[in-house]
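Protein chains: 2
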Amino acid sequence: MVWQMIDGGVTAPLGYQAAGVTAGLKPSGATDLALIYSEVPAVPAGVFTTSCVRAACVDYNQRIVARQEPVQAILCNAGQANACTGLEGWRNAVECAELTQQELQIASAVLVASTGVIGRQLRMDLLRPAIPQVVRALRRDGSESAARAIITTDLVTKSVALSGEIAGKNVKIGGICKGSGMIHPNMATMLAFVTCDAAVSAPVWQEMLTRANAGSFNQITVDGDTSTNDMLLALANGQSGMPMITELDSAPAQQLQEMLNAVCQAMAKQIARDGEGATCLLEVNVAGTADVASARVMARTIAGSALVKSAVFGRDPNWGRIAAACGRSGVYFDQTKLHIQIGEFVVMTEGTPQPFDRQSASQYLKSELVQVFVRVGEGSGTGTAWGCDLSYDYVRINAEYTT
Amino acid sequence: MVWQMIDGGVTAPLGYQAAGVTAGLKPSGATDLALIYSEVPAVPAGVFTTSCVRAACVDYNQRIVARQEPVQAILCNAGQANACTGLEGWRNAVECAELTQQELQIASAVLVASTGVIGRQLRMDLLRPAIPQVVRALRRDGSESAARAIITTDLVTKSVALSGEIAGKNVKIGGICKGSGMIHPNMATMLAFVTCDAAVSAPVWQEMLTRANAGSFNQITVDGDTSTNDMLLALANGQSGMPMITELDSAPAQQLQEMLNAVCQAMAKQIARDGEGATCLLEVNVAGTADVASARVMARTIAGSALVKSAVFGRDPNWGRIAAACGRSGVYFDQTKLHIQIGEFVVMTEGTPQPFDRQSASQYLKSELVQVFVRVGEGSGTGTAWGCDLSYDYVRINAEYTT
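As they're listed, the protein sequences go chains A and B. If you're matching positions, the first sequence starts at 1 in our numbering and goes up one per residue. If you're matching positions, the second sequence starts at 1 in our numbering and goes up one per residue.
Watch out, some of these pointers could steer you wrong.
Identical chains share a label here; the pair holds if one copy fits it or two copies do between them.
[Stated by the list, open to error] Restricting the straight-line Cα-Cα distance to at most 20 Å, the calculated cross-link-like pairs of lysine to aspartate or glutamate (DMTMM-like) are: (1) K337 / E368; (2) K366 / E378; (3) K337 / E88; (4) K26 / E144; (5) K366 / E207; (6) K337 / D59; (7) K269 / E258; (8) K26 / E98; (9) K169 / D7; (10) K269 / E144; (11) K337 / D125; (12) K337 / E95; (13) K269 / D7; (14) K169 / E258; (15) K169 / E103; (16) K269 / E283.
Don't read these hints as lab results, they were simulated from the structure. Being a predicted model, the structure only gives us computed values, none of them experimental.
Please construct the entire structure, taking both the sequences and the accompanying hints into account.
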């Protein structure tokens with residue numbers, strides 16, 4: 001299947017509008033309230049944090065998605081996470097959703113998302129007047145404005161859109177996201193919102209999103225911390241005019257899955273590259289395990305190792321740390337089969353260290369994209385994970401945040 | 001049971017000698033070869049890294065300990081880890097053990113340990129002449145000299161000794177260890193050696209060590225990386241003259257277990273406090289889980305969170321990160337029961353944020369020992385973990401190591 005990258009983010013697919021406005025939740029005065037709106041009711045899907053300390057919005061959305069209720073909007077604020085806020089936090093989440101529904105004059109549900117400091121109540125005094133504002137600001141080219149309003153410590157906005165042909169119709173899928181660590185319970189929760197004009201049944205759409213997430217957002221790591229607010233939401237509104245997909249193993253379903261995977265992976269890589277303090281994107285490819293799950297775990301372990309990450313920051317081709325991370329990943333392998341490559345530099349084969357040009361390898365580690373390849377045997381399992389280096393700036397950003 | 005802290009480290013118990021000499025393996029020229037010797041054959045016990053990329057010495061020792069062979073010495077070098085070194089590495093480990101045996105003129109086994117850079121062969125040209133040297137240097141007060149020879153990036157030597165009365169006899173137990181991160185596959189593997197003059201059967205001694213390890217070395221974390229070389233070895237030589245312990249649930253066994261726990265915990269805390277770049281010791285106490293294992297996991301998750309660690313370094317009483325770490329630990333609890341305390345500052349009770357004096361709490365985080373208390377319910381499980389803050393110096397040390 002062929003698709004192409006296009007502009008437009010979440011408003012690239014037909015029938016979507018978006019906006020971002022300033023409610024006053026961020027001390028900086030930057031925009032902090034975003035709305036994504038589908039002109040017709042859409043089929044929702046969602047993947048949520050596995051933490052048992054969860055923000056009110058996570059519980060709220062999960063109920064709506066589980067019931068497969070039609071959804072027509074996603075409201076997201078940055079500034080307060082609305083996590084650890086008890087019953088008041090729950091009531092505020094519900095009120096935000098209902099106010100948005102009223103302003104939009106829709107019967108379908110509104111999903112809500114928050115990111116920011118844990119343990120502080122939403123500033124409802126600021127949000128109540130801002131919700132009508134953000135509804136009035138909705139535009140068919142409003143994706144970038146929404147993308148800007150959801151970021152926190154992120155240095156750049158993150159967005160992607162693809163266009164492809166499925167069942168004779170042009171189908172578009174777009175996304176915006178935020179996150180500057182894999183998860184930062186305080187400031188930089190990972191939130192990702194996908195819009196799509198394909199027609200797909202709710203159970204199939206949910207399964208597709210779960211699969212796309214497994215090979216993308218679940219494979220990035222900045223600091224190993226999982227947030228109270230993490231969520232990936234996806235809407236499919238059918239406006240492309242294609243016939244409804246109802247079977248996961250149909251050709252149109254597979255084509256849509258490929259596009260969804262690509263959108264999620266592109267966003268995941270943007271998050272890893274913008275990891276707090278990061279100076280490069282680290283991509284780790286593992287092959288030769290018994291199955292995909294094992295390869296993914298090992299790739300994540302390597303990409304998440306503080307020692308590997310600091311070696312990359314130091315431009316130090318210190319491959320022993322990669323070997324050690326493989327060994328402790330929990331995936332068993334025969335160490336005499338271990339093959340490790342940093343870029344084009346083979347540093348170990350058959351478990352034996354190889355001579356290599358350290359100077360050139362160190363130079364390679366200055367690249368914008370640093371790739372590590374690991375093979376641990378003859379199995380067919382492969383997996384990729386993305387992360388970033390660990391720099392002084394990661395410590396600075398996270399040590400000096402609230403004080 | 002009452003015991004007291006005494007001086008003397010691994011040579012405090014009766015019948016032990018130790019030494020450290022310069023073989024020339026460390027570029028700095030500091031001492032780098034240590035020997036611990038029991039004047040009579042001793043019962044060994046050991047706990048080893050769970051990594052499947054393992055140094056030759058790990059495999060070598062594990063075989064001897066599993067067979068419960070009598071052991072009379074532990075030889076340890078710093079400089080090369082002898083990991084990822086294939087068959088040549090294995091042969092070198094065996095040769096080191098055999099040379100030491102010959103020089104000591106003993107029939108009992110010699111255990112070997114290495115720490116340093118992965119993937120480089122032991123400098124046997126330097127070790128062969130140094131082994132007779134270290135045997136000649138053995139002294140009954142040589143513990144500190146041995147402790148100095150095993151350290152790498154450690155800023156201080158680590159040692160402890162206790163004296164207590166068991167079954168009417170004075171029993172002593174001592175230890176030295178090294179490690180400046182929980183594990184640093186490259187430079188700072190965790191090694192700990194315990195000596196004891198109690199009389200105890202091999203299976204009981206092994207079980208005791210496994211238990212002591214679970215509540216001490218397994219509960220410290222500096223960076224979450226597990227080494228290829230980690231090991232905890234313990235010898236019991238019976239020289240105290242006490243009757244042999246053969247039952248785990250006997251009173252003398254329980255007394256010895258308490259002393260062994262205390263020795264291991266003291267060493268573990270010394271390692272966490274000396275974590276690379278650390279400016280304080282972080283102690284996390286969790287209570288109210290269903291069992292001890294759950295409490296320990298949660299305590300480790302909190303102590304190991306990069307976000308919690310950087311907040312402590314920044315003296316930022318950012319308790320939301322602690323709540324988030326609890327939530328993602330994999331231990332289920334009801335978040336409306338969550339209680340969090342930083343020192344004496346109660347920041348959350350019944351899942352609700354509490355007002356507290358941020359200024360004073362920030363001041364408290366400048367302490368040498370920072371304690372966090374978490375209660376998640378009414379269960380009887382409790383657990384403690386130790387770690388340290390994440391500072392600029394951690395990044396500097398690990399980014400700039402080999403280049």
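Intra- versus inter-copy proximity for E283 and K269 (alpha-carbon distance at most 20 Å): Within one copy, since 9 Å is at most 20 Å while 35 Å is not.
Identical-chain pair category, K269 with E144, by Cα at 20 Å: within (18 Å within a copy, 50 Å between copies)
Status of E144 relative to K26 across identical chains (alpha carbons, at most 20 Å): Intra 18 Å, inter 55 Å, cutoff 20 Å: intra-copy only.
Homomeric proximity label, K337 with E368: Cα distance no greater than 20 Å: Neither: 30 Å inside a copy, 46 Å across copies.
K337 and E95: within-copy, between-copy, both or neither at 20 Å Cα: neither (58 Å within a copy, 25 Å between copies)
Same-copy or cross-copy closeness of K337 to D59 [CA-CA at most 20 Å]: between (46 Å within a copy, 17 Å between copies)
20 Å Cα threshold - placement of E378 relative to K366: neither (31 Å within a copy, 52 Å between copies)
Homo-oligomer pair classification [E258, K169; C-alpha up to 20 Å]: within (16 Å within a copy, 73 Å between copies)
Status of E88 relative to K337 across identical chains (alpha carbons, at most 20 Å): Classified as between: cross-chain Cα gap 16 Å, same-chain 56 Å, threshold 20 Å.
Up to 20 Å CA-CA - E103 versus K169, copy category: neither (33 Å within a copy, 83 Å between copies)
Identical-chain pair category, K169 with D7, by Cα at 20 Å: within (19 Å within a copy, 81 Å between copies)
Alpha-carbon proximity context of K269 and E258, limit 20 Å: within (16 Å within a copy, 50 Å between copies)
The structure is inconsistent with the numbered hints 1, 2, 5, 8, 11, 12, 15, although it conforms to all the rest.
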